[in-house]
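A.B. asks: I would like the entire structure built from these sequences, with the hints used as guidance.
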Amino acid sequence: MINSEKISKSKYSFPEEKNKREYGSLGEIIAYDYLIKNNFKILKQNYRYGRLGEIDIIALENEYVCFIEVKTRSSTLFGTPAEAVNYKKQNKIKKLAQIFLKENNLSDKPLRFDILEIILEYNKYRRSNKVKYINLIRNAF
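Note that the sequence shown ends on residue 141 in the numbering used here; no numbers are left out.
Among the hints, a few may not be true.
Stated by the list, open to error - Simulated pairs of lysine-lysine, DSS-like, Cα-Cα distance not exceeding 27 angstroms:
1. LYS20 - LYS132
2. LYS95 - LYS132
3. LYS37 - LYS109
To be verified - For each label pair, taking beta carbons as the anchor points, the in silico distance ranges come out as:
4. GLY79 - ASP108: 34 to 42 angstroms
5. ARG51 - GLU121: 29 to 37 angstroms
6. GLU121 - GLU54: 22 to 30 angstroms
7. PHE78 - LYS109: 13 to 21 angstroms
No lab work stands behind these hints: they were computed from the structure. Heads up, the beta-carbon is just placed ideally off N, CA and C, and yes, glycines get one too.
C.D. replies: As structure tokens, this is what we get:
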């Protein structure tokens with residue numbers, strides 16, 4: 001977990017309405033910046049293979065190939081962001097990870113499945129938002 005003050009809020013444009021797709025896209029931008037600042041090397045964003053699904057971010061941390069699911073929310077009213085990564089989604093990510101490793105000759109590397117939780121706080125009077133909470137869960141599943 002990091003202090004939200006460490007992330008430059010001014011460079012992100014935040015959606016006024018709670019549009020799921022916009023929040024997700026914004027979360028991936030914030031996640032990318034967070035991972036770079038924490039010494040991850042980004043290998044791929046939005047990796048897709050056919051209709052199987054998508055992995056938000058694939059990165060290297062030390063010797064690990066990390067498959068990172070980014071979940072962005074405006075609150076925890078309906079649970080934490082990580083709770084939204086159900087068993088079905090986990091299995092899709094695992095299948096995609098195996099394909100990616102094989103395609104990129106990385107099958108011999110250790111791998112890890114992480115979830116990056118982001119909670120945004122919107123102030124409608126200021127028409128601005130800030131990162132209230134960001135948490136990387138290593139080995140989430």
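A.B. asks: It remains to establish, for every hint, whether it holds in the given structure.
C.D. replies: A quick look at each hint next to the structure:
no.	hint	in the structure
1	LYS20 - LYS132	holds (17 angstroms)
2	LYS95 - LYS132	violated (32 angstroms)
3	LYS37 - LYS109	holds (23 angstroms)
4	GLY79 - ASP108: 34 to 42 angstroms	holds (37 angstroms)
5	ARG51 - GLU121: 29 to 37 angstroms	holds (35 angstroms)
6	GLU121 - GLU54: 22 to 30 angstroms	holds (27 angstroms)
7	PHE78 - LYS109: 13 to 21 angstroms	violated (36 angstroms)
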